[in-house]
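Engineer: Below are the chains, spelled out letter by letter.
Number of protein chains: 2
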Amino acid sequence: AGEQWLEDRAWPENTVGRLMERPNAVFLAGTRIREAVESLREAVKKTLITYLYVVDADDRLVGVVAFRELLYANADDTLADVMVPTPFFLHPETDLIDAMHDVVTRHYPVYPVCDDANRLIGVVRGSVLFEQQTFEISAQAGSMVGVEKEERTATPWLRALKFRHPWLQLNLFTAFVAAGVVGAFQDTINRIVLLAVFIPVLSGQCSNTGCQALAVTLRGMTLGEVRAGQAFALMGKEAILGFANGALTGLLAAAGMYAMAVAQQHGNPLALAVITFLAMTCSCAISGVAGACVPLALKRLGADPATASSIFLTTATDVVSMSLFLGLAAWWIV
Amino acid sequence: AGEQWLEDRAWPENTVGRLMERPNAVFLAGTRIREAVESLREAVKKTLITYLYVVDADDRLVGVVAFRELLYANADDTLADVMVPTPFFLHPETDLIDAMHDVVTRHYPVYPVCDDANRLIGVVRGSVLFEQQTFEISAQAGSMVGVEKEERTATPWLRALKFRHPWLQLNLFTAFVAAGVVGAFQDTINRIVLLAVFIPVLSGQCSNTGCQALAVTLRGMTLGEVRAGQAFALMGKEAILGFANGALTGLLAAAGMYAMAVAQQHGNPLALAVITFLAMTCSCAISGVAGACVPLALKRLGADPATASSIFLTTATDVVSMSLFLGLAAWWIV
Chain A
-15 AGEQWLEDRA WPENTVGRLM ERPNAVFLAG TRIREAVESL REAVKKTLIT
35 YLYVVDADDR LVGVVAFREL LYANADDTLA DVMVPTPFFL HPETDLIDAM
85 HDVVTRHYPV YPVCDDANRL IGVVRGSVLF EQQTFEISAQ AGSMVGVEKE
135 ERTATPWLRA LKFRHPWLQL NLFTAFVAAG VVGAFQDTIN RIVLLAVFIP
185 VLSGQCSNTG CQALAVTLRG MTLGEVRAGQ AFALMGKEAI LGFANGALTG
235 LLAAAGMYAM AVAQQHGNPL ALAVITFLAM TCSCAISGVA GACVPLALKR
285 LGADPATASS IFLTTATDVV SMSLFLGLAA WWIV
Chain B
-15 AGEQWLEDRA WPENTVGRLM ERPNAVFLAG TRIREAVESL REAVKKTLIT
35 YLYVVDADDR LVGVVAFREL LYANADDTLA DVMVPTPFFL HPETDLIDAM
85 HDVVTRHYPV YPVCDDANRL IGVVRGSVLF EQQTFEISAQ AGSMVGVEKE
135 ERTATPWLRA LKFRHPWLQL NLFTAFVAAG VVGAFQDTIN RIVLLAVFIP
185 VLSGQCSNTG CQALAVTLRG MTLGEVRAGQ AFALMGKEAI LGFANGALTG
235 LLAAAGMYAM AVAQQHGNPL ALAVITFLAM TCSCAISGVA GACVPLALKR
285 LGADPATASS IFLTTATDVV SMSLFLGLAA WWIV
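Quick note, the sequences are listed as chains A and B, same order.
Going by the working numbering, the residue at position 321 of the first sequence is 305; the numbering climbs one at a time, nothing skipped.
Going by the working numbering, the residue at position 7 of the second sequence is -9; the numbering climbs one at a time, nothing skipped.
Derived from the structure by calculation, the hints contain no laboratory data.
There could be a bad hint or two in this list.
Same chains, same names: a pair is fine if it fits in one copy or spans any two.
What the hints assert, rightly or not - Here are the simulated DMTMM-like cross-link-like pairs (lysine to aspartate or glutamate), alpha carbons at most 25 Å apart as the crow flies: (1) 133 - 82; (2) 133 - 40; (3) 146 - 209; (4) 133 - 209; (5) 30 - 132; (6) 29 - 53; (7) 133 - 42; (8) 146 - 79; (9) 30 - 65; (10) 133 - 26; (11) 29 - 171; (12) 30 - 135; (13) 283 - 120; (14) 283 - 22.
Taking the hints into account, I'd like the entire structure generated from these sequences.
Structural biologist: Quick look at the structure:
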């Protein structure tokens, strides 16, 4: 097991190679059923053998045989007579996510793994693949806000602090960028303090709208639904959705702004309401596009598409929404 | 298949019962190996039979037999002689999440499903269970911000709008609550407009700190790591983590506040810095606790622990952080 472990380590993290076990029932195609059955009589008592793998003289995988077939076969036939020929197999360097897409419609308990020359080099249990997959996917929501997938509920707090803190510093840095935008409009806020009241509303709406687009895109990528060349279609759809959602919530937010401005006897309540509506609609549309864009861009850059995606996204949505909202107010009213 | 489909529908959504198939190789314990093998000779050519299920006269599951065992058994023995007795089985009403915890360490391709009287009523393929599971878990990040798990990247935009919009209206409503807090301190902001600049910083930090705690707790629940009675321990850990993360980022934020206050020749830069530090530290600690609390509370209330959790959480973190920050400033300086 130690040696096998070392061999597995040679494959990159999150690849099929890392989960491989040694195949334990490999036979040449010309082997008689009788011989194959006899040679496994002791082995089946000690190890879990699910399939017999059939190879040619060069170790290339040519077929797979289940015990069910052996049971009903003529003992003098060869494995070649009963095997499922040219069976499905995985490559060791395949990403777990991609491997999952390949196997999700097959229901095999064990998958053979072959190298580029089709030589059988290992097997991977389907449940190990899915177990690992569950572990990876369940880490995504955390990954978006800067939680490492190594962190579990049982992780000691000091170690968790080390994992999470760098991302919070990044988040602080990006929050300063958003603060810079508000800072640039201090004069405007000084004259219309009501604008400050709507900063959390706008920020919260855009961030949630963007995160919906982010989550849908990320899930599509995880489930293998996002094909190359689809990026613009996805971004277009999120733009429409963000626009519609922004306009509908913007109407209510504008009504709220109008009511507060009237109550506080502000000089131009209608202008404030229109600014709120416009800022909400446009910012949400841009937030939707940004939400679809961030994971696609992260993947394009060779990074994990989920990592810190929410941190990058909320910076973008904050900067855009604050600039639009305060900029419009500065230009129109103040 | 139609009839089977109807039967499956009788079980609640997201339960094992919904994924059941009819068991296709069921035998009485006294059946001779020879008879069992013969009776399946034709069936194995048509359907995928992985295990033989052995029941007693009352249909109660008493054992499971693999073809491997049949191959090496004495043909005159009975299934009772070679079966794995008292096998593991699932209950039809078990939640998929709970079922996954039960099967994750087993590597069976098919699991028997029995009713409360141990009667065999169906089988569930392991890969169907895990496929469904992958689908469910990959929906969590979206669920947190109000995306239904039915929504995929290919969902038309109008349908996606119907799915997402109600949650954005909820988010708007909760954002108004946070805005109400800021509104209550308009006089304070009017006197120290620099406070408005730090609203996005504080809001962003607390929301991200809280979401980290939320994601870790939710994942722990998904992977079955969170046991009953652990809630307070988890909340305590997140309080410490939030406090430490808040203090460390709070120092930097306070330094930023100090620098800006000095640059703008504010009367009391030190007080503003201390207020920023205190608000950041305490709000992040409370956000951490809230992050752990929200999914546990949602589950306790019988809801899905992920649903809209981020929306509820950010409302809480916004209200707490704004109240602390602006309240401290109003009390101390203004």
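Engineer: Check residue 133 against residue 26 for me: Cα-Cα at most 25 Å, and say if that holds within a copy, between copies, both or neither.
Structural biologist: This pair counts as neither: shortest intra-copy Cα distance 41 Å, inter-copy 48 Å.
Engineer: When no copy is named, should residue 29 and residue 53 be tagged within, between, both, or neither for a Cα gap of at most 25 Å?
Structural biologist: both (19 Å within a copy, 9 Å between copies)
Engineer: Evaluate residue 146 and residue 79 at a C-alpha cut-off of 25 Å and name the case that applies: within, between, both or neither.
Structural biologist: neither (27 Å within a copy, 35 Å between copies)
Engineer: At most 25 Å between C-alpha atoms: does residue 30 with residue 135 qualify within a copy, between copies, both, or neither?
Structural biologist: Answer is neither: 36 Å inside a copy and 47 Å across each miss the 25 Å cutoff.
Engineer: With identical chains treated as interchangeable, where does the CA-CA distance between residue 30 and residue 65 reach 25 Å or less: within a copy, between copies, both, or neither?
Structural biologist: between (27 Å within a copy, 18 Å between copies)
Engineer: With identical chains, the pair residue 133 and residue 42 could be close in the same copy or across copies; at 25 Å between alpha carbons, which is it: within, between, both, or neither?
Structural biologist: Neither: 40 Å inside a copy, 48 Å across copies.
Engineer: Go through the copies and call it for residue 29 and residue 171: within, between, both or neither, with a Cα cutoff of 25 Å.
Structural biologist: neither (81 Å within a copy, 81 Å between copies)
Engineer: Is it within a copy, between copies, both, or neither that the alpha carbon of residue 30 lies no farther than 25 Å from that of residue 132?
Structural biologist: Cα proximity of residue 30 and residue 132: none, with 38 Å in one copy and 47 Å across.
Engineer: Treating 25 Å as the Cα threshold, decide for residue 133 and residue 82: within, between, both or neither.
Structural biologist: both (19 Å within a copy, 21 Å between copies)
Engineer: My question is about residue 133 and residue 40: at a cut-off of 25 Å on alpha-carbon distance, are they close within one copy, between copies, both, or neither?
Structural biologist: For residue 133 and residue 40, neither the intra-copy (41 Å) nor the inter-copy (46 Å) Cα distance is at most 25 Å.
Engineer: Between residue 283 and residue 22, at a C-alpha cutoff of 25 Å, which is it: within one copy, between copies, both, or neither?
Structural biologist: neither (51 Å within a copy, 54 Å between copies)
Engineer: Is the C-alpha distance from residue 146 to residue 209 at most 25 Å within one copy, between copies, in both cases, or in neither?
Structural biologist: between (35 Å within a copy, 21 Å between copies)
Comparing the model with each numbered hint stated earlier shows that hints 2, 5, 7, 8, 10, 11, 12 and 14 do not hold.
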